[in-house]
Amino acid sequence: MAIGLASCESKEEILYKQYVVEGRVLYQTHCANCHQENGSGLKDLYPAISQASLWKRMKSDELTCLIKWGRKGTKGYMPGNTKLQALDIAEIQTFLREQWGPQKTIYSLDSARFALKTCETKL
Amino acid sequence: MYNKLRFTGFFISLLGIFACQEKHELPYLGPKSVNASGDTVYHQIPAFRFLNQDSTWVTEKDMEGKIYVADFFFTTCPTICPKMKTQLLRIYERYADNDAVRILSHSIDPEFDRVSVLRDYANKLHVEAPRWNFVTGDKKAIYTIGQKSYMVTAQEDANEVGGFVHSGAFILVDKDRHVRGIYDGTKEEDVNHLIEDMEKLLGNK
Numbered sequence: 001m002a003i004g005l006a007s008c009e010s011k012e013e014i015l016y017k018q019y020v021v022e023g024r025v026l027y028q029t030h031c032a033n034c035h036q037e038n039g040s041g042l043k044d045l046y047p048a049i050s051q052a053s054l055w056k057r058m059k060s061d062e063l064t065c066l067i068k069w070g071r072k073g074t075k076g077y078m079p080g081n082t083k084l085q086a087l088d089i090a091e092i093q094t095f096l097r098e099q100w101g102p103q104k105t106i107y108s109l110d111s112a113r114f115a116l117k118t119c120e121t122k123l
Numbered sequence: 001m002y003n004k005l006r007f008t009g010f011f012i013s014l015l016g017i018f019a020c021q022e023k024h025e026l027p028y029l030g031p032k033s034v035n036a037s038g039d040t041v042y043h044q045i046p047a048f049r050f051l052n053q054d055s056t057w058v059t060e061k062d063m064e065g066k067i068y069v070a071d072f073f074f075t076t077c078p079t080i081c082p083k084m085k086t087q088l089l090r091i092y093e094r095y096a097d098n099d100a101v102r103i104l105s106h107s108i109d110p111e112f113d114r115v116s117v118l119r120d121y122a123n124k125l126h127v128e129a130p131r132w133n134f135v136t137g138d139k140k141a142i143y144t145i146g147q148k149s150y151m152v153t154a155q156e157d158a159n160e161v162g163g164f165v166h167s168g169a170f171i172l173v174d175k176d177r178h179v180r181g182i183y184d185g186t187k188e189e190d191v192n193h194l195i196e197d198m199e200k201l202l203g204n205k
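Going down the list, the protein sequences come from chains F and S.
Residue numbers 1 to 123, in my numbering, belong to the letters of the first sequence in order.
Residue numbers 1 to 205, in my numbering, belong to the letters of the second sequence in order.
Only chain S is shown next, with the shape it has when bound in the complex (with noise of 0.2 Å):
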């Protein structure tokens, strides 16, 4: 009896764990394809190149061995953009002295947020490249990259408080440039939702 019971105990903790891993494991977001070999291809982001607030470029090659959160936002918001970086902000400090942790921030509207813009910027809310990018660059490349790969909406629109209507989505992207979760950045119980998320992707849970 004693035995059977432990043995019905081992069983359900065996399925607990089980369990618990499916429930850990992110997905993979975005298109799929099957390669010639027969393998799943998942969605990844795409080389990209764009200006920081430092005046240095930011590629893809920057993230390497990182995993990222990506966002679009533009200096001049004054509707979800704060809230937004206030989310950014607990982020940044929480992950201030890990060296795996990148923020990338996109303006869509780079006309106006140049390098000096997104400099002073960055230095009001006391931040500093590498750890959080800002950067601006061209409109097109930068529209079309949010749009096909971090799945974001994001376009002008003269009726919109600011002139532009667009998510305030946090992406966030894996060490192989994997989008692994999407997550409303204007809400603190979501940011909670990604930062247990970045736990397992650091390998922390």
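Chain F with its partners taken away, still in its complex shape (with noise of 0.2 Å):
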């Protein structure tokens, strides 16, 4: 039954839901302590990742190099997760698209590897 719905789908709309499962998981171990499972986030300490404006002024590939490197200065500081690969960012951004995005569309696994190579800031 269940191969049966699968193989109805498109490869696309099947990688998409692979991303978000994926992502999920690693949005829990990476992101949720300060921005909550819901991503309501923490009063003005650390923004809601589910607020409309912040998805306004933020491009993916902005997003791709904050989750990897972070930022620095006590203005909007957060720490990176260097250990994230391209394919990690790109499923936890999907969620985040899945949740609370505009859009719901898969964010590329090679958009987020040439992202990163424009990435500015190294920690």
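Source of the hints: derived by calculation from the structure; they are not laboratory data.
Some hints here could point you the wrong way.
Said to hold, decoys possible - List of simulated lysine-lysine pairs, DSSO-like, C-alpha gap at most 27 Å:
1. F:Lys59 <-> S:Lys124
2. S:Lys124 <-> S:Lys139
3. F:Lys72 <-> S:Lys139
4. S:Lys61 <-> S:Lys148
5. S:Lys124 <-> F:Lys43
What the hints assert, rightly or not - Have a look at the derived ranges for each label pair, beta carbon to beta carbon:
6. F:Lys59 <-> S:Met151: 45 to 55 Å
7. F:Lys104 <-> S:Arg94: 50 to 60 Å
8. F:Leu54 <-> S:Arg90: 17 to 27 Å
9. F:Lys56 <-> S:Asp138: 39 to 49 Å
Even glycine gets a Cβ: it sits at the ideal position worked out from N, Cα and C.
Dock chain to chain to rebuild the complex, using the hints, since each chain is given by itself in its own frame.
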């Protein structure tokens, strides 16, 4: 039955769902401590990922660099997650989009790889 | 027969009261000693002096007549601190109107967590001194009081994410500066117990 259902879906749809499932686990491990399981953040200390304004002002590729390398300084400090690889970040971002993003589309591995090459800040 | 039953019932309820009282009595934690007159002397938090987020000195005198929850954290901690702060925020909001309750958060990274950094942190959490003091100061003094008096572990460790290893403990201190409970500040259920115990110390239970 499950196989029957799955076979009706396109390869892209299956990949999207895989990314969401993997991304959820990674989110809980690496992000939810601060940003909370439901993406609500904590007051002004940790921004809510669920808020629409954040999605408007931040491009996906910038977000990739932010997840990987964090941000320094006392204003908007965020620790980097340097152990996360391109695939991990692609999965996390796909999960974020699925949960709170304006468009529920996959953030591809290629996009994550490309973005990581462009990151300015490296710890 | 009726009388006998009633008597037994009374006896059982008496037992129940004693059992409850015993259960409700919070322990005195830490090393105890016996003084010259043979009385037990309980472990007590010694005098201290640290700077808070408003650049004001906080000492043991500020805790006189108050119960307080102490913890150890640092502002850039990515691991357990956010969970601890989520839980402390519960306590802060619950006792927002109760002047007998304080929270005392010590930074274990006082070189980075200067007063201005702590102020920014407190502002972003929308909390204020003196109800919730975030303190910084001499690193050695903070580590010593943490380990010897509050009985928690805290030390620098380059291998650890964030550079420090420390416990997520919340320490409940009574009006006479005795430690009455230690809880896992990262777990909601454990913090529920802490709140129950705070109610006992406040005489609400």
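Okay, the hints, checked on the actual structure:
no. : hint                             : verdict
1   : F:Lys59 <-> S:Lys124             : holds, 25 Å
2   : S:Lys124 <-> S:Lys139            : holds, 24 Å
3   : F:Lys72 <-> S:Lys139             : holds, 23 Å
4   : S:Lys61 <-> S:Lys148             : holds, 20 Å
5   : S:Lys124 <-> F:Lys43             : holds, 6 Å
6   : F:Lys59 <-> S:Met151: 45 to 55 Å : holds, 48 Å
7   : F:Lys104 <-> S:Arg94: 50 to 60 Å : violated, 38 Å
8   : F:Leu54 <-> S:Arg90: 17 to 27 Å  : holds, 25 Å
9   : F:Lys56 <-> S:Asp138: 39 to 49 Å : holds, 45 Å
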